[in-house]
Amino acid sequence: MGESRGGGCCPPMDLMRSETMQLVQLIVPMESAHLTVSYLGDLGLVQFKDLNSEKSPFQRTYAAQIKRCGEMARKIRFFKDQMSKAGVIPKELLEKESDIDLDDVEVKLGELEAELVEINANNDKLQRSYNELMEYKLVLQKAGEFFSSAHRSATAQQREIESEDSQQAGDDLLESPLLQEEKSIDSSKQVKLGFLTGLVPREKSMVFERILFRATRGNIFIRQTVIEEPVIDPSSGEKAEKNVFVVFYSGERAKSKILKICEAFGANRYPFSEDLGKQAQMITEVSGRLSELKTTIDAGLGHRDILLQTIGDKFELWNLKVRKEKAIYHTLNMLSLDVTKKCLVAEGWSPVFASNEIQDALQRAAFDSNSQVGSIFQVLRTKESPPTYFRTNKFTSAIQEIVDAYGVAKYQEANPGVFTIVTFPFLFAVMFGDWGHGICILLATMYLILREKKLSSQKLGDIMEMAFGGRYVILMMSLFSIYTGLIYNEFFSIPYPLFAPSAYDCRDASCSEATTIGLIKVRDTYPFGLDPVWHGTRSELPFLNSLKMKMSILLGVSQMNLGIIMSYFNARFFKSSVNIWFQFIPQMIFLNSLFGYLSVLIIIKWCTGSQADLYHVMIYMFLSPTDELGENQLFPHQKTVQLVLLFLALVSVPCMLLPKPFILKKQHEARHQGQSYAPLDETDESLHVETTGGSHGHEEFEFSEIFVHQLIHTIEFVLGAVSNTASYLRLWALSLAHSELSSVFYEKVLLLAWGYNNVLILILGIMVFIFATVGVLLVMETLSAFLHALRLHWVEFQNKFYEGDGYKFAPFTFIFTANEDE
Amino acid sequence: MGFLITTLIFLVVGIIASLCVRICCNRGPSTNLLHLTLVITATICCWMMWAIVYIAQVNPLIVPILSETE
Numbered sequence: 047m048g049e050s051r052g053g054g055c056c057p058p059m060d061l062m063r064s065e066t067m068q069l070v071q072l073i074v075p076m077e078s079a080h081l082t083v084s085y086l087g088d089l090g091l092v093q094f095k096d097l098n099s100e101k102s103p104f105q106r107t108y109a110a111q112i113k114r115c116g117e118m119a120r121k122i123r124f125f126k127d128q129m130s131k132a133g134v135i136p137k138e139l140l141e142k143e144s145d146i147d148l149d150d151v152e153v154k155l156g157e158l159e160a161e162l163v164e165i166n167a168n169n170d171k172l173q174r175s176y177n178e179l180m181e182y183k184l185v186l187q188k189a190g191e192f193f194s195s196a197h198r199s200a201t202a203q204q205r206e207i208e209s210e211d212s213q214q215a216g217d218d219l220l221e222s223p224l225l226q227e228e229k230s231i232d233s234s235k236q237v238k239l240g241f242l243t244g245l246v247p248r249e250k251s252m253v254f255e256r257i258l259f260r261a262t263r264g265n266i267f268i269r270q271t272v273i274e275e276p277v278i279d280p281s282s283g284e285k286a287e288k289n290v291f292v293v294f295y296s297g298e299r300a301k302s303k304i305l306k307i308c309e310a311f312g313a314n315r316y317p318f319s320e321d322l323g324k325q326a327q328m329i330t331e332v333s334g335r336l337s338e339l340k341t342t343i344d345a346g347l348g349h350r351d352i353l354l355q356t357i358g359d360k361f362e363l364w365n366l367k368v369r370k371e372k373a374i375y376h377t378l379n380m381l382s383l384d385v386t387k388k389c390l391v392a393e394g395w396s397p398v399f400a401s402n403e404i405q406d407a408l409q410r411a412a413f414d415s416n417s418q419v420g421s422i423f424q425v426l427r428t429k430e431s432p433p434t435y436f437r438t439n440k441f442t443s444a445i446q447e448i449v450d451a452y453g454v455a456k457y458q459e460a461n462p463g464v465f466t467i468v469t470f471p472f473l474f475a476v477m478f479g480d481w482g483h484g485i486c487i488l489l490a491t492m493y494l495i496l497r498e499k500k501l502s503s504q505k506l507g508d509i510m511e512m513a514f515g516g517r518y519v520i521l522m523m524s525l526f527s528i529y530t531g532l533i534y535n536e537f538f539s540i541p542y543p544l545f546a547p548s549a550y551d552c553r554d555a556s557c558s559e560a561t562t563i564g565l566i567k568v569r570d571t572y573p574f575g576l577d578p579v580w581h582g583t584r585s586e587l588p589f590l591n592s593l594k595m596k597m598s599i600l601l602g603v604s605q606m607n608l609g610i611i612m613s614y615f616n617a618r619f620f621k622s623s624v625n626i627w628f629q630f631i632p633q634m635i636f637l638n639s640l641f642g643y644l645s646v647l648i649i650i651k652w653c654t655g656s657q658a659d660l661y662h663v664m665i666y667m668f669l670s671p672t673d674e675l676g677e678n679q680l681f682p683h684q685k686t687v688q689l690v691l692l693f694l695a696l697v698s699v700p701c702m703l704l705p706k707p708f709i710l711k712k713q714h715e716a717r718h719q720g721q722s723y724a725p726l727d728e729t730d731e732s733l734h735v736e737t738t739g740g741s742h743g744h745e746e747f748e749f750s751e752i753f754v755h756q757l758i759h760t761i762e763f764v765l766g767a768v769s770n771t772a773s774y775l776r777l778w779a780l781s782l783a784h785s786e787l788s789s790v791f792y793e794k795v796l797l798l799a800w801g802y803n804n805v806l807i808l809i810l811g812i813m814v815f816i817f818a819t820v821g822v823l824l825v826m827e828t829l830s831a832f833l834h835a836l837r838l839h840w841v842e843f844q845n846k847f848y849e850g851d852g853y854k855f856a857p858f859t860f861i862f863t864a865n866e867d868e
Numbered sequence: 880m881g882f883l884i885t886t887l888i889f890l891v892v893g894i895i896a897s898l899c900v901r902i903c904c905n906r907g908p909s910t911n912l913l914h915l916t917l918v919i920t921a922t923i924c925c926w927m928m929w930a931i932v933y934i935a936q937v938n939p940l941i942v943p944i945l946s947e948t949e
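Taken in order, these protein sequences are the chains called A and B.
What the first sequence shows, in this note's numbering, is residues 47 to 868, in sequence order.
What the second sequence shows, in this note's numbering, is residues 880 to 949, in sequence order.
Treat the hints with care, as some may be off.
[As the list claims (entries may be wrong)] Restraint-style ranges between C-beta atoms, simulated for each label pair:
#1 A:Met813 - B:Leu940: 35 to 45 Å
#2 B:Leu940 - A:Tyr493: 21 to 31 Å
#3 B:Ile941 - A:Cys557: 10 to 20 Å
#4 B:Leu890 - A:Pro58: 19 to 29 Å
[Said to hold, decoys possible] Below, a sample of chain A positions facing chain B; criterion: calculated Cβ distance under 10 Å:
#5 Thr330
#6 Val464
#7 Thr561
#8 Ile563
#9 Leu576
No wet-lab data here; the hints were simulated from the structure.
Cβ coordinates follow ideal geometry from the N, Cα and C atoms, glycine included.
Start from the sequences, fold in the hints, and give me the full structure.
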C-alpha cells in the first residue's frame with residue numbers, strides 16, 4: 047500500500063495527511079497470546095481486525111473466559127452499589143500497583159459477595175422484627191389508654207348509679223330490671239365479647255371500618271386512635287401513617303371475618319390482654335427487647351461498614367483488572383485459531399512508524415511467558431483502504447475532532463484541519479468583533495487552561511466537558527476576537543481613538559452642517575481599524591454595511607480559492623493529472639473570472655474612490671456584455687476584459703464536464719487490455735492471506751455512472767460558486783447583529799440608568815447590563831458565531847476538495863473512559 | 880504611504896513570530912513546517928482584514944453625519 051502515492055511535490059507536514067498505515071499479520075504461540083495482547087494494549091497502536099466475524103459470540107474460543115469476566119464485573123457493580131448506598135468512597139488508584147492474578151480476584155470476589163449478601167439478609171430480618179416490636183409497643187400504649195379511660199368512665203358511671211341507688215334503696219329491683227332479667231338467663235347462653243387490637247394505615251381506616259361494619263351486620267364496636275408520628279411499616283420498610291384500632295365482636299364467625307378483613311387491608315394485629323398488670327409487664331418486656339435489637343442491628347451495620355471499607359481499599363484495582371482482562375479476551379476472540387500449528391493469527395492495522403515498537407512488545411511477551419518460539423511479525427499487501435490516523439496533541443485534537451465530526455478524511459487525503467486551526471477562530475472573530483467581550487472570554491478560558499490538570503481528572507457535567515475539551519479553540523477565538531474588536535473599534539460597543547485622532551472634522555469652525563451634510567476628512571486615514579467617529583452617526587449603517595459586505599466577499603473568495611488549491615495538492619499527491627487539467631484549472635478559471643473579478647473591482651473602487659455601481663457592472667456583464675459602461679467604468683478597456691472573462695467562464699464549464707469521463711474510460715481500457723480472465727485467488731494451506739470482503743467492485747467501470755457523477759459535480763460547483771459566495775455574507779450579518787445588540791444594551795440599559803442620578807437605579811442597571819451581556823452576547827452570540835463559522839468551513843470551504851469518507855483508526859488500548867460500563 | 884508602512888510592519892511581525900515559534904518549539908522538520916504554515920496563515924488573515932478596513936476608508940464615498948443629540 048502506498049507505492050503509487052508520492053509525497054515528492056512538497057516536504058511532508060505534520061497533520062496534513064494521515065500517517066502511513068500498514069496491514070500487519072502477527073503469528074503468536076498460544077502460551078504467549080494473553081501476554082502479547084496485554085502488551086499491545088499498553089502500546090495502543092494496533093487496530094485488530096475481527097477474523098472470526100462469522101462466528102456468534104458463543105462459538106468463539108474464549109467465550110467461557112468472557113462469561114467469567116462478566117460475572118466478576120457484575121459482582122463489582124454490586125459492590126459499588128452497596129458502597130454508594132452506605133456512603134463509602136473507594137480508595138483512589140495509585141500508579142503502578144502490583145499486578146494481581148485474575149483467579150485470586152475471582153475467588154475473593156466470590157467470598158466477599160456471599161458474606162455481604164448474608165449480612166444484608168440478616169440485617170433485613172432484624173430490622174423487620176424491630177419494626178414489628180415498635181408497632182406492638184404503640185398498640186400496647188394506645189389500646190391501654192383506651193381501656194383505662196373506658197374503665198374510668200365506667201367506674202364513674204357506676205358510682206353515680208350506686209349513689210342514686212343508695213337513695214332509693216328499696217327500688218333497686220325496679221331500677222335495674224334488666225339486670226334482674228339478665229341474672230335469670232341461662233349462663234350457658236351468655237355471649238362472650240372478644241376484642242382484637244392492631245394497626246391499620248390511616249388512608250384505609252375509614253374503608254376498613256365501613257367494611258367491618260357491613261361484614262358483621264353492625265354487630266361490632268370499633269374504636270380508632272391516631273398515632274401522631276409516622277411509623278415504619280415492617281413489610282415495606284417505609285414510613286406510613288397509621289391508626290391504632292380496637293374491635294369488639296361477639297361470636298366465632300364474626301372473629302374469622304374480621305381476621306380475614308384485617309389481612310386484606312394489611313392491618314397488623316397484636317395480642318393484648320385486659321389485665322392491667324399484664325399490660326405493664328408486656329410494655330417493659332417489649333421495651334427491653336427493642337433496645338436489645340437496636341444494639342444488635344447497630345453491631346450488624348458496623349460489621350458491614352468494615353467489610354465495605356476493606357472492599358473499598360481494593361475496589362479500583364479489581365475494577366481495572368477485570369475490565370482489562372475482559373478487553374483482552376474480547377481481542378483474543380478476534381484472532382483466528384490455527385489448530386495445526388498451535389498458534390493464533392492476528393491481523394491488524396498499525397502505523398508504519400510503530401513497527402519497531404510492536405516487534406519489541408512481541409519479543410518481550412514471548413520472553414516473559416517463557417515460550418519456546420517467538421512471535422512472527424509480517425506486513426501484508428492489500429487493496430483495502432486503511433484507517434486514517436492523525437497524531438494530534440491536546441492543542442490540535444479539538445480542531446481535528448471538529449473536522450472529523452463532518453467526516454473522517456479518506457486515507458492520505460489533505461486534512462482541512464491544518465488551515466482550520468487558524469481560519470475557524472478568525473471567521474468566528476469576524477462575526478464577534480468586540481475587544482471587551484473578547485477579553486471576558488479570554489479570562490474565562492485562561493481559568494480553564496490554568497486549572498487544566500485538576501479539571502481533567504475530575505468528572506465534569508456534559509456542558510462543562512465540552513467547554514473544557516475545546517479550551518484551546520476558545521483561546522484562539524478570544525485572541526482573534528480581541529484583534530477584530532480593535533479593528534472594528536468596539537469595546538462593549540464604545541469606540542476609542544486609540545491609535546490616532548479621528549480623521550474627520552467639521553467643515554468650518556461653527557460645525558453648523560455637521561448634522562445635515564456631515565463632516566469631511568481632514569487628516570490621514572485612521573491608521574488601524576475603523577474611525578471612531580462613525581459610532582452613533584446617521585450614516586453609520588450605510589457605510590458599515592457596505593464595508594462589511596465587501597469584506598465578506600473578499601474573505602469568502604480567498605477561502606474558496608484556498609479550497610480549490612487544496613484540491614490541487616490532493617491531485618498532485620495522488621498523481622492524477624486528469625484532476626489537475628480538467629478539474630482544478632477549469633474550477634479556478636470559473637471562480638476567479640467571475641468572483642475574483644468582483645473582488646478586484648471592489649479593490650479598485652476603494653482605491654480610486656470611483657462612484658461606479660458594482661451591482662450594475664456585474665449584472666450587466668451577463669445581461670448585455672457589449673454595452674458601453676459609461677459612468678460605471680473603473681479602468682480602461684474594462685469592456686474587453688469583461689468579455690474575455692465571460693468567455694473563459696463559459697468555456698470552462700464544458701471543460702469541467704466532458705473530458706474527464708472519457709479520459710477515465712480510456713485509462714481503464716488501457717489498464718485492462720487483453721485481460722479477459724480474472725486472476726484466480728491464491729490459496730495458501732496454512733495462512734489465510736487475502737482479507738475477506740476486499741477488492742470486488744474495483745475492476746468494474748460504469749461509464750454512465752462516472753458521467754452522471756461528473757455532471758453532478760459540475761453543476762454543484764457552478765451553482766455553488768454563486769450561492770457559496772453569497773453565503774459568506776453571513777459574516778456581515780452576524781457582526782452587524784452583534785454590534786447592534788451590544789450598542790442597545792449599552793445605550794438603553796447603562797446610559798439610561800446613569801441618566802437618573804440615583805444610586806439604586808444605577809446598581810440595578812449595572813446588574814441588568816451584566817446579565818444581558820453575559821447571557822445574550824457572551825453565551826448566545828458565541829454559540830451562534832461558532833455555529834456559523836463551522837458551517838462556513840464544513841460546506842463552503844470543504845466542498846471544494848474534501849471527500850471525507852474514510853474511517854478513523856481505533857487502536858486497541860487500555861485507556862478507558864470514565865463512563866464505560868461493559 | 881501609511882498602507883505600505885503598516886504592511887511592512889505586518890510582514891516584520893510575521894517573520895518575528897515564525898522565528899519565535901521555531902526557537903521555542905523546534906520539533907522536527909514536519910512539525911516546524913506545520914507551525915510555520917499556521918503562523919503565516921494567521922498573519923495573512925490579520926493583514927487582510929486590516930488592509931480591507933484601511934483601504935475602504937482612504938477614499939470615502941459617504942461621510943459621517945452626526946445625529947441630532949450630539
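Task: When the least beta-carbon distance from Ile563 (chain A) to chain B is tested against 10 Å, hint result - done: holds (7 Å)
Open item on the list: Is 10 to 20 Å respected by the C-beta to C-beta distance linking Ile941 (chain B) and Cys557 (chain A)?
Closed with: holds (19 Å)
Open item on the list: Does Thr330 (chain A) hold up as a contact with chain B if the rule is Cβ-Cβ below 10 Å?
Closed with: violated (84 Å)
Open item on the list: Using the nearest Cβ pair, does Leu576 (chain A) come within less than 10 Å of chain B?
Closed with: This interface hint holds because 6 Å falls under the 10 Å limit.
Task: Distance restraint hint 35 to 45 Å, applied to the beta-carbon atoms of Met813 (chain A) and Leu940 (chain B) - done: For Met813 (chain A) and Leu940 (chain B) the Cβ distance comes to about 43 Å; the hint holds.
Task: Hint check: 10 Å Cβ-Cβ cutoff, Val464 (chain A) to chain B - done: Because about 7 Å separates Val464 (chain A) from the closest Cβ in chain B, which is inside the 10 Å limit, the hint holds.
- [ ] Could you say whether the range 21 to 31 Å given as a hint is met by the Cβ separation of Leu940 (chain B) and Tyr493 (chain A)?
- [x] Taking Cβ atoms as reference, Leu940 (chain B) and Tyr493 (chain A) lie about 46 Å apart, which means the hint is violated.
Task: Supplied contact hint for Thr561 (chain A), tested at 10 Å Cβ to chain B - done: Given a least distance of 5 Å, the restraint on Thr561 (chain A) holds.
Task: Pro58 (chain A) and Leu890 (chain B) - C-beta distance against the hinted 19 to 29 Å - done: Given range 19 to 29 Å: holds, Cβ gap about 27 Å.
Hint check: violations occur at hints 2 and 5; the rest are consistent with the structure.
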